[in-house]
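Visitor: Put together the whole structure using the sequences plus the hints.
Protein chains in written order, with the working numbering: chain A, 1 to 212; chain B, 1 to 212.
If you're looking for bench data, these hints aren't it; they were derived computationally from the structure.
It is possible that some hints are incorrect.
Just some of the chain A residues that point at chain B, by a computed CB distance under 10 Å [what the hints assert, rightly or not]:
no. : residue
1   : Pro16
2   : Thr17
3   : Leu38
4   : Leu40
5   : Cys65
6   : Ser89
7   : Gly111
8   : Thr114
All C-beta atoms, glycine included, are put in the ideal place defined by N, C-alpha and C.
There are 2 protein chains.
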Amino acid sequence: MSLPNLQIACDHSDLPTALADITKVGDVVDIIEAGTILMLQVGEYAVKCFRALYPDKKIVADTKCADAGGTVAKNCSEAGANWMTCICSATIPTMIAAAKEIEEIQVELYGDWTYENAQQWLDAGITQAIYHQSRDALFAGETWGEKDLKRVKKLIDMGMKVSVTGGLSVETLKLFEGIDVHTFITGRGITAASDPKKAALDFKAEIKRIWG
Amino acid sequence: MSLPNLQIACDHSDLPTALADITKVGDVVDIIEAGTILMLQVGEYAVKCFRALYPDKKIVADTKCADAGGTVAKNCSEAGANWMTCICSATIPTMIAAAKEIEEIQVELYGDWTYENAQQWLDAGITQAIYHQSRDALFAGETWGEKDLKRVKKLIDMGMKVSVTGGLSVETLKLFEGIDVHTFITGRGITAASDPKKAALDFKAEIKRIWG
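Guide: Here's what the structure looks like:
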C-alpha cells in the first residue's frame, strides 16, 4: 500500500484569498486543486497562478467537465494543469476527448453512477475517480459511513485510483485505514484552520502514521 | 403552445471573440448564454460583460454546477445572470441550495438520468431542463432521433420547461414541430454562419413559422 497524497482544494470565490491561503501550505501538500467555484469566477488564471507559484507540483483543474472534453482539457493543459476532472455523467466520448489533451482525467462521482459505468471508464483508459461526499449533502447532515467505504474499496478493487473528499479532518482519516486511498482532498479542513500550515503537516503526519 | 425562445451559447475559449460574436446577434436572440468553456476560461467576466452589453436580456450562466450550489449561484447572480445550469447528477440539496440564490435553475441532462430524477427535480421546485445532444456524441456520429423527441415530450408532459441543444440548424427545427419546446439553444449554428445576424433571424423566422 503506497502513501496517499494530500491535495488542497482551493474553492474560493476570488483569486486573492485563494493565493493567500495556498501560499501558506503549497510547499507541504502534494497536489494543488483549482476548485470549480474558483475557476467559474476567475477562469484559467487560477491554474496559471498556481502553476507559476508551484512549478513542480501536480495541479488539478476541477472543471467537472460534462461536455466538450477536448476543448476544456486543451485549455486546462495549456494553462498548466496536469489533471482535470470530468463529471461521472459525461459521456465516454467526452472523457476520451479530454484524455487526449491532458495528462490524466479524474471522474467525479456524484449521483447515481454504477460499477458498470466505472468499468466503462476503465475500459476507456480512465483510471482515476474522486469519491465525493457532496458539500451540500454534508450540510444536509449526511456523513462518511460504511456504505461509502465499501464503494471506495470496490472501485479500488476494480483497478481505479480513488481520491476521497468531503468533510475530511485529521480525525476522520483513520476511517480509511486498510484502504489503498490514492489521495485525500481537503479545502477548509486546512484553509479554515487557525494555523493552516500546521493543519497540512498534521494531515501528512496522520497519513504517514496510518499508511507509512 | 407558446413561441419557443432562441438562445445563443457562447462557448468560446476567450472573451474577445465571444464579445465579437455576441454583439452581432445579441439584439436578435432572446437569451444569451455564457458557456461552460468560456466561464472556465474567463470566469465571471463572461456574465458581467454580457450583462453590461445587454441589460434587458435573460442571461444564463452555464456552470453545469455539481456541488456547492449556493455559492456558485450567488456568484452567478451577483455577476448578473438570471438563470444557471446544474448537472443532472448534482444532488437535490445542491439544486435547492442553488435555487435559493438565483432566479431559476436549469438541469442539464447528460448520461443516465431517469424520469424518477425528473420528478424529484419538479418536487424540489426545479422546472427547467436542458435536453442536450452531447457535442462529443455528435462528433461520434450520433444525432437527433425519435428516442430524443420522445424523451423531450415526456419531460414536457411531466411539467418541465425543456430547452433543447446540440447540433441544431434552421433545418432541424421542424423535427420538433408539435412539441412545446421552451428554448432552442445554438452556438455555432449561428456564430459559425457566414452572416450570423441573418442566421439568427432565420432561426427566429422558422420558429415563428412553425410555432407562431
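Visitor: Which hint numbers does the structure go against, in order from smallest to largest?
Guide: 1, 2
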